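Go ahead and model the full structure; you've got the sequences and the hints to work with.
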Amino acid sequence: MTTYRPSPEFENFQPDYSPESAGTAAARSALAGFAGRSDLVREFEAAPFGRHSAELSLILDVMRSQPVAGKWIAIMTKPYSEWRAARWSLDLPMRVVEIGPLPFQSREDVDRWVFKQRWQHLIGPLPMQEGGNDV
Amino acid sequence: MSDRAAILAYADRDSVKPGESIAFAVSCLKLDSFECDFVRLLGGDFGPEMLPFRPLVMTAPEARRYPGREQPIRAGSRIEVKGSQRLADLRSVTICANVMPTLIAGQPHSVLSTLTAGGDGGMALRLEADGCLAAILGGPAGPRTYRLDGPLPLWLWSFVALSYDAERHHLLVVTRGLKSGTHDYIGVSRLTVDNVEPPALSDGRLLIAAERDHSGIPHHHFNGKIERPRILAGALSLESLNDLALRKPTEPLSWSCLGDWDLLSDPASEIVPDRSGCGHDGVCINQPTRAVQGSNWESPTMDWRSAPEQYGAAHFHHDDIENPGWQEDLRLTVPTDWPSGCYAARLRGAEAEFFVPFFVRKAADAIGDVAFLAPTATYAAYANLTMQRQTNEYNLGCVASSYTPLDLLAFEHPGLGKSLYDPHDDGSERCIGSLRRPALNLQPGGWLWNFQIDLCLLGWLAHAAPDHQTMTDEDLDREGLAALDGCQVLVTGSHPEYWSLPMLQALDGFLARGGRLMYLGANGFYWAIDFHPARNGLIEIRRRRPGNGRFGAGEAYSSFIGRPCGTWSDLGRPEQSLVGVGYLTEAFDRSSYYRRLEAGEDPRARFIFDGITEDIIGDFGITGGAAGLEIDVADVGLGTPRHALVVASSEQHGSSFIRTLGGLNYFTRLWNDAPREPIRADMTFFETPAGGAVFSVGSIAWGSCLPHAENNNHVAHISANVLRRFRDPTPFRMPE
Chain A
1 MTTYRPSPEF
11 ENFQPDYSPE
21 SAGTAAARSA
31 LAGFAGRSDL
41 VREFEAAPFG
51 RHSAELSLIL
61 DVMRSQPVAG
71 KWIAIMTKPY
81 SEWRAARWSL
91 DLPMRVVEIG
101 PLPFQSREDV
111 DRWVFKQRWQ
121 HLIGPLPMQE
131 GGNDV
Chain B
1001 MSDRAAILAY
1011 ADRDSVKPGE
1021 SIAFAVSCLK
1031 LDSFECDFVR
1041 LLGGDFGPEM
1051 LPFRPLVMTA
1061 PEARRYPGRE
1071 QPIRAGSRIE
1081 VKGSQRLADL
1091 RSVTICANVM
1101 PTLIAGQPHS
1111 VLSTLTAGGD
1121 GGMALRLEAD
1131 GCLAAILGGP
1141 AGPRTYRLDG
1151 PLPLWLWSFV
1161 ALSYDAERHH
1171 LLVVTRGLKS
1181 GTHDYIGVSR
1191 LTVDNVEPPA
1201 LSDGRLLIAA
1211 ERDHSGIPHH
1221 HFNGKIERPR
1231 ILAGALSLES
1241 LNDLALRKPT
1251 EPLSWSCLGD
1261 WDLLSDPASE
1271 IVPDRSGCGH
1281 DGVCINQPTR
1291 AVQGSNWESP
1301 TMDWRSAPEQ
1311 YGAAHFHHDD
1321 IENPGWQEDL
1331 RLTVPTDWPS
1341 GCYAARLRGA
1351 EAEFFVPFFV
1361 RKAADAIGDV
1371 AFLAPTATYA
1381 AYANLTMQRQ
1391 TNEYNLGCVA
1401 SSYTPLDLLA
1411 FEHPGLGKSL
1421 YDPHDDGSER
1431 CIGSLRRPAL
1441 NLQPGGWLWN
1451 FQIDLCLLGW
1461 LAHAAPDHQT
1471 MTDEDLDREG
1481 LAALDGCQVL
1491 VTGSHPEYWS
1501 LPMLQALDGF
1511 LARGGRLMYL
1521 GANGFYWAID
1531 FHPARNGLIE
1541 IRRRRPGNGR
1551 FGAGEAYSSF
1561 IGRPCGTWSD
1571 LGRPEQSLVG
1581 VGYLTEAFDR
1591 SSYYRRLEAG
1601 EDPRARFIFD
1611 GITEDIIGDF
1621 GITGGAAGLE
1631 IDVADVGLGT
1641 PRHALVVASS
1651 EQHGSSFIRT
1661 LGGLNYFTRL
1671 WNDAPREPIR
1681 ADMTFFETPA
1691 GGAVFSVGSI
1701 AWGSCLPHAE
1711 NNNHVAHISA
1721 NVLRRFRDPT
1731 PFRMPE
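Just so you know, the protein sequences line up as chains A and B, in that order. Letter by letter, the first sequence follows residues 1 to 135 in our numbering. Letter by letter, the second sequence follows residues 1001 to 1736 in our numbering.
Be careful, since some hints might not be right.
Simulated coverage check for chain A against chain B, where a stretch passes if three residues somewhere in it have a Cβ under 8 Å from a Cβ of chain B [as the list claims (entries may be wrong)]:
id, region
1, 23–29
2, 73–79
3, 91–98
4, 103–115
In silico SDA-like pairs for lysine to any residue, Cα to Cα no more than 25 Å straight-line [stated by the list, open to error]:
id, chain 1, residue 1, chain 2, residue 2
5, B, K1179, B, S1215
6, A, K78, B, P1055
7, A, K78, B, G1150
8, A, K78, B, L1051
9, A, K78, B, R1348
10, A, K116, B, P1405
11, A, K78, B, I1622
12, B, K1030, B, D1407
13, A, K78, B, D1045
14, B, K1030, A, I99
15, A, K78, B, F1620
16, B, K1030, A, R95
The hints are simulated quantities; they were obtained by calculation from the structure and are not laboratory data. Remember, it's a predicted structure, so these values are computed and weren't measured experimentally. C-beta: ideal position from N, C-alpha, C; glycine also.
Quick look at the structure:
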């Protein structure tokens, strides 16, 4: 995976930018009530792409609405057969600073993994254990 | 920097006729040579579920191994003046301009400079890394800096000047705020220094919006607007400078000038005329945005041609790029026996591979009654899309936005420039899109989107109409209706979104003479752009986005031609009135399928489903279905002909499709479950009064399904049915 080295023209580029907007705290507050909702995690795991309940849609809406910096993204490392999760830097210009631990065989799987990261970022610990049982 | 080898390249044109030549410039990273061959593209590498990627290798004597070397990327817009002996020895002088800086970010930004490489001669007026104005005087001991305290305000206009009296050895550095449509404090800051030794002679070369580094390479690019940069042949007093600051930028001066650059005159030209009479004309490099609001712009002026005195500025960016300025590595003369189509120079070395696509026109004596219009204006708009703008990421509809390793090279080499969907680093909209640079997302692989889906369309056309011809948007723009002579069926790409007025007029003429249009995509005919009148592969748009206040509000007309930009719908030509359907919404997670409707049984439309008995269409494919990504619907209120038949509509789209109304993004998907008209794509057909017809699928994903089961599927069958009937010269009849 590539790492970033700016060309001379772009060195020391330091714009003011906050990776967490004032809305991030509000987002956490709005989503706090979902902390124990393992059913919503399961709903997403069952169908990352598709028709979602209003509550899951709200969570996804808030997740997508957050600033891009520091977010996990997907990189298709082999055409439509292998994906890795990767993470944007917090500072600008954004570049990939971290690669997720495992390759995934489908886009749905990488979205499932990223969803859990964002859940932990905005809501808190996952309400279910690795095997699927509620915490 | 990656340890991997990489190849980046671009061509000098996108469209070439048999017998003509096309040149390629290549930069090799960690490679000392590369293998080049030429392939015809009829698909791409889209993974195990799709047809294997087998580009047709063409025979050409130019296909061989070439020596490779890294070529530096020279980004950043500026004006270069060849210079003269008079500019080398400025003596008593005043250098001044109106400026609106838009980004400092810890970098010096030069307004005007005659500094030599190394700074041992010449002068410069620049903003230092903290945004404070400074005069720089070059000398054998290195450049001397005389700076004001207090940074210039961003996004507001200021008059800036240095005045040097060579006889009294007196230096004056001045900023004066200019009215910028706000109630901000307007004051004067000045620095006077005595006993300042004169600068050493320079070589007479001059840069506006940049200066030369130790190697003579332009750097310290200015981010922001510059208006009426001047060099006056004498040292003005503070009183005279105040007088000059308050004058309109177009007002004639009583002082003699060595350079007085007129940035408005013919903004499409690369030449910036010097009105001083000294012949110091400049040359624009890397396309600064011209015809932008100047310091004396007044609301509600929109058209620079009607009030040119208000548009005397240019907006420079360190991340502007037309082309990286690379040297040509190889030149292909296209053999006359290559059929019209999409080709690429395939460049390979070690594990690196890079394709430079181009389109070959039909031979003069070929038939070509079916033409594929390659949407190169849209390719120019999307070239090197990075999707780091939050609203764009939101609209993808996925939790994780997706990239390929090649996409990430755009971050490793930011000088390559990004797409028109990525803002400049100063936050301003990109207005000029160029294909004269490496395009990381115009590859026969990666995400099935836009160019990649168009390759699927071309693969299908190679089966359905082997003698078809291809042409580009720019061909249609330049040649007009004549480009379509002999053509009976025009097939669009999957996302023909950007259209110039000459292109639309050609299409109007084509339909008016009975032509048939297959619109095999969606969100087309949407944005109004202009092609550059002389330089190829360059488009310009003024998006006219609301919400930026005064900035950009009056920049509604292109600098290339002077036509109004924005959406064609806002300009009174909604796409529904042309092709029956228009943009509804988008999401990039999973696509869905169509269900045939009763109108599909109408005798007028029965040919569309000839041989198809199922009601469900396109419930397969690598994106999940034939209806998705971006989708269009019919809307009589916006111009869908009243006799149009919606023969099928998609259904069961996911919750991620946003709901838009009148172009407004409501920024929520929550009301996907509220009662309303369903999210859908409308497959639409109608006849035209001239005996022609239009068939629109209303979905970008349509083409991605064509290769499924080796082109043996309902999406391909429907496309072939329509193509067959559209090639039949029997006129269509309008219904009673």
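Just to be careful, I want the Cα atoms of A:K78 and B:L1051 compared with a cutoff of 25 Å; is the pair within it? holds (15 Å)
Please verify the coverage claim for the region 103–115 of chain A: does it have three or more residues whose C-beta sits within 8 Å of some C-beta in chain B? holds (count 5)
Within 25 Å, alpha carbon to alpha carbon, are A:K78 and B:P1055? It holds: about 18 Å lies between the C-alpha atoms, which stays within 25 Å.
So if I understand the rule, the pair passes when the alpha-carbon distance is 25 Å or less; does A:K78 with B:R1348 pass? holds (18 Å)
Holds or violated: A:K78 with B:F1620, Cα cutoff 25 Å? holds (21 Å)
Do three or more residues from the region 91–98 of chain A put their C-beta atoms closer than 8 Å to C-beta atoms of chain B? Since three or more residues must qualify, the claim that chain B covers the region 91–98 of chain A holds, with 4 doing so at under 8 Å.
At least three residues with a C-beta closer than 8 Å to a C-beta of chain B: is that true for the region 23–29 of chain A? violated (count 0)
Please verify whether A:K78 and B:G1150 have alpha carbons no more than 25 Å apart. Violated, at about 52 Å.
Holds or violated: A:K78 to B:D1045, with C-alpha atoms at most 25 Å apart: Holds, at roughly 10 Å.
Check the hint pairing B:K1179 with B:S1215 against an upper bound of 25 Å on the C-alpha distance. With Cα atoms ~39 Å apart, B:K1179 and B:S1215 exceed 25 Å; violated.
Take the region 73–79 of chain A, compare each residue's beta carbon with every beta carbon of chain B, and decide whether three or more fall closer than 8 Å. Holds, because 7 residues of the region 73–79 of chain A bring their Cβ atoms closer than 8 Å to Cβ atoms of chain B.
Regarding the pair A:K116 and B:P1405, is the alpha-carbon distance no greater than 25 Å? Holds, at roughly 23 Å.
Hints 1, 5 and 7, counting from the list given before, are not met by this structure.
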